[in-house]
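Chemist: Residue-level listing of the chains:
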Amino acid sequence: MIISHISEANILGKIKEYNKIVYSDFIILCGEEAYIDYHLLIALLNKEKIKFCGGIFPKVIYNNECFKDKVLLLPVNFEQEPTLVSGLDDGEIQIPSSLKSINSNSLFILNDGLSNWISKFVFRLYDEIGSDHHVFGSGAGFSSFKRENCLFTHEGFFMDAAIVVPIKNQNVQSTRHGWNPIAGPYIATKTSANLLQEINWKPAYVICKSIIEEQENVEIGTDNYYKYAKKYPFGIYRSNSEYLIRDPVSSEDDLSIKFGAEIPSNSVLYLMKSNIQDMLDAGKIACEDVFAKSDHPLFMFVADCISRTWILNDRFNEELNNIYQIAEQRNIPVYGVFSMGEISSSNGGLLDYHHKTIVASIVEIDE
Amino acid sequence: MNENQNDIVLTLASLYEILLQIGKSFDIKENAQSFLKTLMLQQNLSFAGYYSFVNSVTLKKVFSIPKTKFGAKAVNPEWLGIFSKNDLIILDNSNKEYQYFNFLFDSAYSKLAVFRGGDKSILVLGIKSQQLSFTQLNAYTLVFKKFCFFMESLESHNQINHEISIKNEQAKTIQKNNLQLEKQNEELRKYINSNNELEKFAYRTSHDLKAPLKSLSSFTKLLALNSELNLTDIQLKYLKIIDDSGQQMDLLIDGILEYSRFNESQVKKQKVNIQGLLEQVELMLFDNISSVRAQIKKKDLPNSIWGDETKLKQLFLNLISNALKFRRSDVLPIITITCAESTAEYLFSVQDNGIGMKQENTDKIFKVFERLNSDQFYEGSGIGLSTCKQIVIQHNGRIWVDSTLHKGSTFYFTISSH
Chain A
1 MIISHISEAN
11 ILGKIKEYNK
21 IVYSDFIILC
31 GEEAYIDYHL
41 LIALLNKEKI
51 KFCGGIFPKV
61 IYNNECFKDK
71 VLLLPVNFEQ
81 EPTLVSGLDD
91 GEIQIPSSLK
101 SINSNSLFIL
111 NDGLSNWISK
121 FVFRLYDEIG
131 SDHHVFGSGA
141 GFSSFKRENC
151 LFTHEGFFMD
161 AAIVVPIKNQ
171 NVQSTRHGWN
181 PIAGPYIATK
191 TSANLLQEIN
201 WKPAYVICKS
211 IIEEQENVEI
221 GTDNYYKYAK
231 KYPFGIYRSN
241 SEYLIRDPVS
251 SEDDLSIKFG
261 AEIPSNSVLY
271 LMKSNIQDML
281 DAGKIACEDV
291 FAKSDHPLFM
301 FVADCISRTW
311 ILNDRFNEEL
321 NNIYQIAEQR
331 NIPVYGVFSM
341 GEISSSNGGL
351 LDYHHKTIVA
361 SIVEIDE
Chain B
1 MNENQNDIVL
11 TLASLYEILL
21 QIGKSFDIKE
31 NAQSFLKTLM
41 LQQNLSFAGY
51 YSFVNSVTLK
61 KVFSIPKTKF
71 GAKAVNPEWL
81 GIFSKNDLII
91 LDNSNKEYQY
101 FNFLFDSAYS
111 KLAVFRGGDK
121 SILVLGIKSQ
131 QLSFTQLNAY
141 TLVFKKFCFF
151 MESLESHNQI
161 NHEISIKNEQ
171 AKTIQKNNLQ
181 LEKQNEELRK
191 YINSNNELEK
201 FAYRTSHDLK
211 APLKSLSSFT
221 KLLALNSELN
231 LTDIQLKYLK
241 IIDDSGQQMD
251 LLIDGILEYS
261 RFNESQVKKQ
271 KVNIQGLLEQ
281 VELMLFDNIS
291 SVRAQIKKKD
301 LPNSIWGDET
311 KLKQLFLNLI
321 SNALKFRRSD
331 VLPIITITCA
341 ESTAEYLFSV
351 QDNGIGMKQE
361 NTDKIFKVFE
371 RLNSDQFYEG
381 SGIGLSTCKQ
391 IVIQHNGRIW
401 VDSTLHKGST
411 FYFTISSH
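So the sequence lines, in the order shown, correspond to chains A and B.
Counted from 1, the first sequence has number 236 at position 236 by this note's numbering; the numbering is strictly sequential.
Counted from 1, the second sequence has number 145 at position 145 by this note's numbering; the numbering is strictly sequential.
Derived by calculation from the structure, the hints in this document are not laboratory data.
Computed from a predicted model, the values in this text were never measured in an experiment.
Mixed in with the good hints, there may be bad ones.
[What the hints assert, rightly or not] From the structure, some residues in chain B lie toward chain A, with a derived Cβ separation under 10 Å: (1) S14; (2) Q21; (3) K37; (4) T38; (5) L41; (6) Q43; (7) S46; (8) D106; (9) A108; (10) F134; (11) Q136.
Ideal Cβ positions, reconstructed from N, Cα and C, are used throughout, including at glycine.
Throw the hints in and build the complete structure from the sequences for me.
Modeler: Written out as structure tokens, the structure is:
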């Protein structure tokens, strides 16, 4: 359900209206310009004893359109109350005991997309909950990269945290990015959390710069680094699977490169490149693939990385149309967000945190 | 680089990444976590676990990702046979051997890779998705061997360290107990010293107090007898109170002196003729006994016992004196002294038909200066029974009383027969 006329009371009204037809809990996804008093919204929902959690995103997707000033309500049935996991700022992540023995094998996660230790959180969660869960989720945050509260539950309004919600509805996912290696393999010989300091024992920036200059035929400096580097992410090598994409954010004075998530020390890396068509195809394949896995779809949820939308730019509408056409054939709605990183367990192995990737999920009817 | 060269470089880079995780930490779990996590991320695995043998047929989990509940479990001995050809085996859930490993985790995996690391450990890797495969694990055989060897070394090193730490812990406990014992001994020694000092102090003080008290008594008497002073009746009454108080104090000081003397003096054990000793006591108390027409009965007494004659004499003297002192006015005092003999000790009893006491007071009376009855009716220092207790203790015995108010008391004490 999409809400266009934004007020806290209207959101509450829509939830109550929906619950008259079929009772539900709600994931509330808000565009960054929806301008909601979140403390008031939390208080109103708590007063009405509505179970909910939510996040703020650069834009929300509804069918084949995207909005920065609207709100999506995703009706799902929570297995238990949403659980807040803190410590994503300093890496001191403790998985609450309530998540160590959950009945449902379907989980939805919202996390602060600009926290330092998201990969670590995802791995710690996997270590605790095991391999039997289907997990989908998305990084929340603002397109300006401004650090502000971007997650909310009945407990309050947060940043540097993650919300984990076991849900009764089953889910299936498919993950694609469309990036291909153009240089490598390299060994990340010196890293520090989000910083890639050296590859093959040489400053990371120096190696990247020379390859991008050759590809783009321009001279790269610190002033124009990101303009070109955003089209050349790194891919962490995964045997049997797609490369795990890591998005460069900036170059640092010590010739290292800062990324949106951790780069494991000594990991095998490739420099990646894509073209518009490959990226659009990747989105389409992800959606077709996820429908092939689904039996009783309730709705589709798409986490499309914000940096993908920047690269697709004018052609992003094609991506939305591709997705919508596939969903329309099954007569189900498409909900989604411009995400700040994507979480999925769709590769059949570990729970992963992605960049520049599209994760298409189908949430099934709770039977 | 052509495609083949690229594959070789990729394999080498992947091996390099994994290899560097071995020995990153000397903590077993940290080392296992670092290695298994990297292997899982690189190979897109759903499960990685390292198990070691407790004995030839029992495995225990050392570390796994994700965590699984697993204690030490016995395995089917047949399963070791499947390693006869290779150290690394790949199984999918259609293989009958799959079941040998399926019990190791809480989840089902579509494919398993199992590596045998020598005789002491195995490494198990799992994939959840049917679409995935173990494409290049054969290249990792040497790396797995190195990892297992390192883990086994850490385990045996930790086992030795554990044993050493248990022994160190035991040594520390013994040392701690010894120190505590020494401390307690020191406290006891100080206590004994201070007690001895106190007794010496009491003896000296009592002795020194006697002289001025004597002067006080003498001059009070002189004052009362001096007719030239023409003292009034009330003045004479006051002088009498002073004299009586002086005498009471004299008694107290005598008691303290006696108590101190008995504590200070050594026990000189010898063969003591009890019959003879009691006759001497009766002689000493002859005036008292005859004035109240008391009857002293003696039954089943041994001929002789080992003890300090002087102290034992004092013991009987005090007990019989008390029996005479706390007599009832309506009956003639009868004091019965008996003895029962066991292999280790003599149990004496001194029974009277006196005023007795309440049961709740029977413990108090052996304390110094503890008196149950008023000075007005019964003079005394309140030290006699404390002295008795000291004498009995010096003879490795015990003393207690059984008493009924208005009916009489029986004092029991034991004297070691050795």
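Chemist: Next step is simple, just say for each hint if it's right about the structure.
Modeler: Against the structure, the hints:
1. S14: holds, 6 Å
2. Q21: holds, 8 Å
3. K37: holds, 7 Å
4. T38: This hint holds: T38 (chain B) lies near chain A, its Cβ roughly 7 Å from the closest one there, short of 10 Å.
5. L41: holds, 6 Å
6. Q43: holds, 5 Å
7. S46: holds, 4 Å
8. D106: Constraint on D106 (chain B) satisfied, holds at 6 Å.
9. A108: Status holds, d = 9 Å.
10. F134: holds, 8 Å
11. Q136: At about 6 Å, which falls below the 10 Å cut-off, the nearest Cβ of chain A leaves the hint on Q136 (chain B) intact, so it holds.
Comparing the model with each numbered hint stated earlier shows that all of them hold.
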